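Peer 1: Listed below are the residues making up each chain.
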Amino acid sequence: MDLRFTDDERAFRQEVRDWIDANLPADTRERLAAGRTPTKEMQLNWQKKLNAKGWCVPHWPAEWGGRSDWSAIKRFILLEELQGTPAPIPLGFNCNMLGPVLIAFGTEEQKKFFLPKLANLDLWFCQGFSEPGAGSDLASLKTRAVREGDHYIVNGQKTWTTLAQYADWIFLLVRTNPEATKQQEGISFLVVEMNTPGITVRPIITIDGAHEVNEVFFDDVKVPVANLVGTEHRGWDCAKFLLSNERTGQARVGASKDRMRRLKLIAQNAPGGERPMIEDSRFRERLVEVEVQLKALEMTTMRVLADENRQLSERKPNPASSVLKIRGTEIQQSISDLYVMAAGPYGMVGADPDGDRWNEPELAPEWATLAQPTYFNWRKQTIYGGSTEIQKNIMAKAFLGL
Amino acid sequence: MDLRFTDDERAFRQEVRDWIDANLPADTRERLAAGRTPTKEMQLNWQKKLNAKGWCVPHWPAEWGGRSDWSAIKRFILLEELQGTPAPIPLGFNCNMLGPVLIAFGTEEQKKFFLPKLANLDLWFCQGFSEPGAGSDLASLKTRAVREGDHYIVNGQKTWTTLAQYADWIFLLVRTNPEATKQQEGISFLVVEMNTPGITVRPIITIDGAHEVNEVFFDDVKVPVANLVGTEHRGWDCAKFLLSNERTGQARVGASKDRMRRLKLIAQNAPGGERPMIEDSRFRERLVEVEVQLKALEMTTMRVLADENRQLSERKPNPASSVLKIRGTEIQQSISDLYVMAAGPYGMVGADPDGDRWNEPELAPEWATLAQPTYFNWRKQTIYGGSTEIQKNIMAKAFLGL
Amino acid sequence: MDFDLSEDQRLLQDSLTKLLADKYKFEDRKRYLKSATYWSQEMWEAYADLGLLGLPFAEEDGGFGAGPVEVMLMAEAMGSAITLEPWLATVVMGGGFIRHGASAAQRAAMVPQIVAGKLKLAFGYTEPQSRHDLHDVATTAKKDGAGWVLEGRKGVVLHGDVADHIIVTARTGGARRDKSGIGVFLVPANAKGVTRRGYPTTDGLRGAEITLDHVSLPAEALLGDAGNGLALVDRVMDETIAALAGEALGAMDALQKLTLDYLKTRKQFGRPIGTFQSLQHRAAEMMVSLEEARSMAMLAAMMAGEADALERRRQMSAVKVQIGRSGKFIGQSAIQLHGGIAMTMEYLGGHYFKRLTTIDTMFGDADHHLTQLMAMGGLNQAA
Amino acid sequence: MDFDLSEDQRLLQDSLTKLLADKYKFEDRKRYLKSATYWSQEMWEAYADLGLLGLPFAEEDGGFGAGPVEVMLMAEAMGSAITLEPWLATVVMGGGFIRHGASAAQRAAMVPQIVAGKLKLAFGYTEPQSRHDLHDVATTAKKDGAGWVLEGRKGVVLHGDVADHIIVTARTGGARRDKSGIGVFLVPANAKGVTRRGYPTTDGLRGAEITLDHVSLPAEALLGDAGNGLALVDRVMDETIAALAGEALGAMDALQKLTLDYLKTRKQFGRPIGTFQSLQHRAAEMMVSLEEARSMAMLAAMMAGEADALERRRQMSAVKVQIGRSGKFIGQSAIQLHGGIAMTMEYLGGHYFKRLTTIDTMFGDADHHLTQLMAMGGLNQAA
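Residue numbers (numbering that gives the first Met the number 0), protein chains in the order written: chain A, 0 to 401; chain B, 0 to 401; chain C, 0 to 382; chain D, 0 to 382.
Derived from the structure by calculation, the hints contain no laboratory data. Small disclaimer: the values here were computed from a predicted structure and weren't measured. Where a beta carbon is used, it is the ideal one built from N, C-alpha and C, also for glycine. You may find that some hints are simply not true.
To be verified - Reference excerpt, derived from the structure (chain D facing chain B, CB under 7 Å, subset only):
| # | residue |
| --- | --- |
| 1 | THR125 |
| 2 | ASP132 |
| 3 | VAL155 |
| 4 | GLN267 |
| 5 | GLY339 |
| 6 | LYS353 |
Just chain A, same shape as in the assembly (with noise of 0.2 Å):
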């Protein structure tokens, strides 16, 4: 046991934070650093700079542009940096979602077609799971594909479909058999072009004011049967298998960390009565509490990579994967808590009605602008990718054995 990083280890993290200084543009990383999301030409373009370095999809075999010479660690400390930084990752429905479903499930057309244009962003792909009365119970979803001849022909409505307006393609999941006796049997995984006749996006503006997810309506959508991934009726094993991969990166341990250090920053400089914020004992003492709690996640992070790094055969299922999505999420919400008690009065600013949100220095510090809608929109984490909830009911099944 030794649970400090080696020299190669630190190394290569150097290499990595040397290579995106020099080629990450300075606007993405200040519209990063603020608390905002990229752009999608910022997306594009910093996606496209990765996968020519081939630090985009290291998690894909070899043959695909993968890196299987790298640990899991190396992984890890390459996404870290990303998320510290911060810069783009790469688009987590193209690489960690679609692309491994492929990989797993995909014919060799499939996998010759998409699997560079993922990696490249040249298709940028949302996801179609969800539906209005298929939330947590995801395999009760109803939209329907019926085969007609090469094609089937899809019917539904699918929601909360995160950047929707940006892709180009869908990847979800229909019901291809209504007459099976489980709702998990009868399901089929298609990819879709989003200007197919029949697709409607319809934005949903949430409560921060921002526009990030979407409903997306199927009205008699003609889909070719060669966009089918993996076996008709059999979706729910690629769905099944989607939703278990990379359970590290949803801890967002980088993104907590640079969130923290910006944080700190802010506050020896905000004010917080006779002396700047930092020096307020609550608000040091929840920072501290949280830095305790973000230690402990990041400690269990590499345990889990530890473990991701064993061959597959070896590896059994580790509790403390299950800390990762519930402390993960509570702790990204604390810090926008944090966040809110530093901006004080002045986070009350809200969005210009008529359209971007405030960014004139004269009003307000943009990080406290951006406090309270972040804070709303980080509610979303303990209710998305699995609600706390339902993490609790997979942890009672699966470790507990209760």
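Take the given structure of chain A and dock chains B, C and D to it, following the hints.
Peer 2: Here is chains B, C and D on its own, set in the frame of chain A:
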């Protein structure tokens, strides 16, 4: 809406306070102030005094010594002053549990025989409800009573029987009809003399080292049929009635206020590093947090009392009452935890294995050596009298409609 | 001790509740948000008709002489509809300064105007550096003959964009964070040197940044004592916190109801989600927290008029801590129990959550008041 | 980075786990508690046979040269059986002072004795006024020729009743709370002027009050520097906290398992209580808390040997905060999920709860270390 105490109420409080000061023996007050329970003699002596004053059972009907001219608030003031002195409060088993049950369900003979003795503690009752297999699921009790002529023959086991070692009598639930279709049916409510042959009391020592609760075994115990309270097989009605009584007492606001007052005094001298403990910012913060919760609990108690002041016919189930048990017990536990914090390392000084607790000032102050045992003991608060989980289940049904 | 409402109180409560049920549905509110003022002039007039704008003013000044209990009841009703109008700013805050600080002549001139809905007020006390500290005042008031000249900036002034008069704190003496040397001034919004910029607050209400650039005011613009204005501010703030506690309570109560409805109707895994024990228990904890807030809002109404300022401030800090804690717990829990739906602008629930967040922020958040309470020795002073 | 145990580590762990499974059942423990020393001499000898008493000492001194990872593994196993023997006091605490503070001659004399189970040590640092502050030392050490004379009182000395030597802090200069002017002294328990009174601690272990009444000591009784002993104390304390984190982890893990077993077997309302979702979720939260503690215990083992004292103390404070928080949450939850049964002396569960409570108290509770961490600027210093 006028939330202040009336002049009458204030005068009554002063009267109570003066009377307690004049009548409570110093050794009783000191023992209770240290956070210990009264000895049997102290309880007997004090309750008889209270009863002679007419202050023991004010909530009973006038013919049995009650004070129908008193408002619920007046009763509360008395209770709060007793808890706050602190002085022993009238034995709950006698005055708040069995007494009201007899008044509602007992025969004239039972009332005449028992009620005066209950009030005056001429008979000390204990409660035989819980069984090893019937905790939260009280109605699953297994102790049997089989009728044979003029007697029931009782066999079975009760547990968690508080102060059974002091008791002259026990009231208990027994199963008289094991064939009943619902668990709650076929249960009867009996009163039994503790010196009846076949009854064995075995102490349960709790983790704080105290002997407060017992197991009580019934081995062919002959109980006269005249000792049945209410209707045979309908004992659940008595039990439900009993459990729904005196919700406001469960909050123990007066006791918690007294414990907090003492803690603040203690902390003014207890070592806390450079300055006394009261100046320790974490301690003070936790203290103030509890003060706020306790104030909310006190106001909530008042609201529920105001309801109890209404005619029965006007009363609606008041969701505020659910706060009392849940938060009241949490607050008591939090206070016990604050004592542990204040005691610091000297809180680890444990009980003398040969008998009584250390009480030698040269070792550590008594409050400090009692801090951890009290903290251990008070974990029971959220377990007994309907655990917090059971309370939430009840709320979900009764108030939330879930 | 008596928790029942009087007949008059009940009538007042019913009339506003009925008005809001009728005219302040979620769709109405969306419409009001799109109007020129971002709130409803029509509702403002309806409040005037109901007498709500004159509620706390003395009858001899043209008001209705109601007390903190009535104010709390109205605030509670408004909270349950998350109303947008400048009632708190004009009647409770502004009105508080007029009641406790203005001369008889000023009251005679202003109160009837307020009561009629023709005069709106706002209170500016936050400054870029002040955070929640009411005594942190960099804005200066310099004597100029019989009058005063004000110079400085006030931020996040609730409804400062539409107020006819802005009441501001300004330093007449001493250093920036001294507790003495603070005066309270009544500044006509159209006075020369006053510029203001309105914006929405995060909860959809209105705030404004107000710049005072050599603003000349007559002697009577000073409300109360030139050097001891902080006591007046504290008094009005405590009344405001009491009203805000009522508003928070109304919002929490409505959000709790909305959540319970959702738990009963939303189905997942083939049954209403409200049948899942973990969600039932969370809902039960929300109710406990709600009832604590209700108790403390009542305490606030009881203590708002307390003469002992230290005792009053202690209790109000405790109230603000509770409101903040309950609001956060109920707000966060409601979102969590709803899932994604409550995170959309199109759903009412998220708007309560946002309002509860700003209610915590306003006049000092729970952490701030906890610290204040610690400094004041806590609630129950050791003998 | 590598979380796997080496073959040697695994063997060591297995041998102690096996020994304890065999000889440290709950009934055995009750028996040991009733023996003359209130712990088991037989087990002490068994630990010696396994090499546990010499674990961290250098091989050249007669030890086994093991590191903090091995110490943590042993402590974890002992925590899972809540062992009673003075291993932490003798080997980790006492041993720490011998390793880092004693001369080569002292080490040569003492280490083989310790390893053989023939010498027991204790560390006295608490004083009636000191609370958790290691630098708060009223006990004095006055120069007396080449030697020293000690005067004072040490309290709650873990296993001080049976130790052959008591290691104590004493003030060689400066004022009571100065961080300099503290020396560390090795005091034979049978020295003239030493009186001690043993008692059980709340968790069933042993503590002692030790009075030093004009105790004359030779020059070599001083371990390390006469005025800079605090650095030595800090170093040993940090190693002790790392071991204690392991012990806490063992206790939490065992208590969690016990609770899960109970949830699966105890029936109420006609079904195992572990089928109730609210209890499942509480158990899941316990597991999250347990895994956090496990991660931080590993961090402790990693940082126990860190040369940068400030960085080491920061991390150890974070560890102690986590251990305290997790121990309290898991302990309280375990009792709650069990119901009354876990509150009885006859049930194992409550004893874990009590031990976890004293583990939090020892060497500064979570609140103390949170405050320490705040004073040190937190874990991750702003750049």
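Peer 1: Now look at each hint and say whether the structure bears it out.
Peer 2: Each hint tested on the structure:
1. Because the closest C-beta pair between THR125(D) and chain B is about 5 Å apart, less than 7 Å, the hint holds.
2. Interface restraint check for ASP132(D): the shortest CB-CB distance to chain B comes to about 5 Å, inside 7 Å, so the restraint holds.
3. Restraint check, VAL155(D) versus chain B: the minimum CB separation of about 5 Å is within 7 Å; hint holds.
4. With a least beta-carbon distance of about 4 Å to chain B, the hint placing GLN267(D) at the interface is held under the 7 Å criterion.
5. A least Cβ separation of about 5 Å between GLY339(D) and chain B falls short of the 7 Å threshold, and the interface hint therefore holds.
6. Interface restraint check for LYS353(D): the shortest CB-CB distance to chain B comes to about 6 Å, inside 7 Å, so the restraint holds.
In terms of the numbered hints stated before, the structure departs from none.
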